[in-house]
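Next come the chains, spelled out residue by residue.
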Amino acid sequence: MTELHRTAIHAVINNSSPQLSWNPFEDLATLFHFEFMVHAFQAGTIIAIVAGAIGYFVVLRGSAFAAHALSHIGFAGATGAVVIGLSPIAGLLAFTLGAGVAIGALGSRLRGRDVTIGIVLAWTLGLGVLFISLYRGYATEAYAILFGEILGISTSDVAVTLAAGVITLIAVGALYRPLLFSSVDEDLAAAKGVPVTALSIAFMAILAIAVTEAVQVVGVLLIFALVVTPAAIAVRFTSRPAIAIATGIGLALTFSWLGLAIAFYSPHPVSFFITSLAFATYVAVRIAEPLKTRMRRTTANATA
Amino acid sequence: MTDHPAIAARELSATYGSRAVWTGATFEIPSGSFTAILGPNGSGKSTLVRLVLGLLSAAEGDLEVLGKPPHRGNPSIGYVPQGSHFDPELSIRGRDFVGLGVDGHRWGMRITDRAQAETKVAKAIASVDAKQYADRQLGRLSGGEQQRLLLAQALVGMPQLLLLDEPLSHLDVRNQQAMVQLISDVARERHLTVLLIAHDVNPLLPHIDHVLYVAHGRLAMGKPNEIITSESLSRIYSSPVEVLKDSRGRVFVVGLEEEVSHPHD
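Heads up: the protein sequence lines correspond to chains A and B, in order.
Position one of the first sequence corresponds to residue 404 (our numbering), numbered consecutively onward.
Position one of the second sequence corresponds to residue 19 (our numbering), numbered consecutively onward.
Isolated chain B, as found in the complex:
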């Protein structure tokens, strides 16, 4: 276990062009925790992920990732980008795609370390139960199968931190639950810190430790049952927000859908 938090932000602000996406964010993501990043479209959830990846620099404030300033190509981060569903014609096997997570960023061809890389890939594929279809064409696989291979790709580099940008958005309810269970199991087994962007908190509720809410230009973090309440969200965003529960215990947040600014959709 490490003594520093996985991510620490102090008075962090992000801009998109000249427009502020969100400002004054101060939070800490404890090492080994599972955090859901929630909020309306265009509120700046992916912006946060891009800051952590070092693809964007902060407009103001401090950000530390695994005890260091963020930098591009950080090998300690496993990443699944948003909207990753592949063209059916994309002619590459799942196994080759996972292999890119090992050494896809290196120049030249894989000549030495071939056996070692193949072992790593096979292990990652096994850890997400994707052996059956790993040798098929990636684009021809179902959404759930593609997401598992994307996760294998993120895990193959033995990261400490997983950043998953909407890994559930193209899945049906059953696949969503299976995927969250898988992420949660793998993370616990490997003591990984997980940040997962989602639209719907419900499939995540049994597994997450924290919620990071991004809305109206501000970030708010807390335990799910503390932060996803009408009182707490209304107070944080100084506007009437209602959290509704249906008969099956699912929660719905009403009142944060309207975004003041849409920096990017």
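With the rest of the complex left out, here is chain A:
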């Protein structure tokens, strides 16, 4: 995307935000009148489905920090790619994949794994800072990587996102049962013949691709909102894996769509709305939960 493009889009978003007519059909028509909004919804939808699906396994495996770290490590790759004149997404993917495979090989139960990841994470963020300083002209590029830039997605970006999304979903489907098994009890899965280490590496590689996609929407700093929060909310409602995955996808879609729609009619960034919707929902669920249990207990006591 050119600098001109970006300026044009920012002009639309910041200075002359469309006015809400309060007629939902008219407002939706206005929203989809802009090609960049159509692209944003297309990419946002694909990414929400992928993030929601893989998020369940991230939560089940207790790999939330690894997911978070992957995206940050990817930041160095993205800024590095810009320095040598490559696409930031290519650099992002290379670094997240490399880090994903390395983290996967560490194994999921190794004590101190998070410390190791954190140490690598800190160093790569330092590298990222160096790369930005080497290429001052591209500070907006760095900003986009950090906080996402879904409003600047082109038709070909959507096509790439779709292809990557389909690949990750097929991979998750193919690994579904053994991945679930090894996430619940690795010893047992290994005894049953599941190649747990290879699976751990494969899962982190899939996660790396998903994270790279999601960075386009929310950026590396806010990846948690799409990959972890929807699934973390979903598992509080159900302990049936398939339903938890479906709920996670539904929530990720809701946050993305609503976030995009609200941002369109406001001068503030999309990432802010998506992350805030995710956070507010999580807080609401955590507050409602003990209340619900207490109510159930009270009714149980009353009937007893």
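Each statement offered as a hint is correct.
Far from chain A, by Cβ distances over 10 Å, these chain B residues were calculated:
no. : residue
1   : Asn59
2   : Glu78
3   : Gln134
4   : Glu136
5   : Ala140
6   : Gln195
7   : Ala205
8   : Met239
9   : Glu244
10  : Glu249
11  : Glu260
12  : Gly273
13  : Glu275
Here are the simulated distance ranges between beta carbons:
no. : chain 1 : residue 1 : chain 2 : residue 2 : range
14  : A       : Glu692    : B       : Ser265    : 46 to 52 Å
15  : A       : Val504    : B       : Gly101    : 25 to 31 Å
16  : A       : Ile665    : B       : Asn59     : 55 to 61 Å
17  : A       : Gly510    : B       : Asp21     : 37 to 43 Å
18  : B       : Met127    : A       : Ala601    : 18 to 24 Å
19  : A       : Ala649    : B       : Gly273    : 57 to 63 Å
20  : A       : Thr600    : B       : His89     : 14 to 20 Å
These aren't lab readings, by the way, just hints derived from the structure by calculation.
The structure displayed is predicted, hence computed values, not measured ones.
Note that CB positions come from ideal geometry on N, CA and C, so glycine has one too.
Dock chain B against chain A, hints included.
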């Protein structure tokens, strides 16, 4: 009934890294018997189980499991690993967990055979009396309830051999007795061979046929009343071992707690 023993070991040795865990083990576990594996921490009880599962290979000697060399993913073995108590946040139903015992090792999603798998799971859950809580979140269940579902998971594949690594260690005395009774009943009904690792032999004594003692780098097998005596254990381990009995008939083994090597805790 099969003509070969469930497990046959000849001059079997196990190493952990470069260190010998135990050596020269020769024993046979008869098909359909209930054997308790006893011994101090770090003596190599789990190592034996890992050899039988095919997760480790023997340093020396021969091992046959159900008449064949051990191999990973043996569908004739039902297994409950050590320290299996689940994180309370682990979001999976007991029923789904037992289902993993049916086809958790297969690639892809369960698309065909769904009804058949669900029937198997329901039967396994019924056989351990876990119907009441099988649809609740696994991590939120009590230790005893989790152990029953772990047992259901081990039974769901219709195994011939059950390997239970310390299934009693997180249970209170009453639950221990109920669990052993359940294991013993299921095993008799299905003609299963059971190997159960335990710290305390007392809740097992009314049910077991054999004891396999693992200590000081050696294995010794025999009938419980023959092997758990001061004379026999002292002779086997060439060191003074005392077997004490309290007023309620419970036995305590003193003198084998000290391990020469601690390959893993």
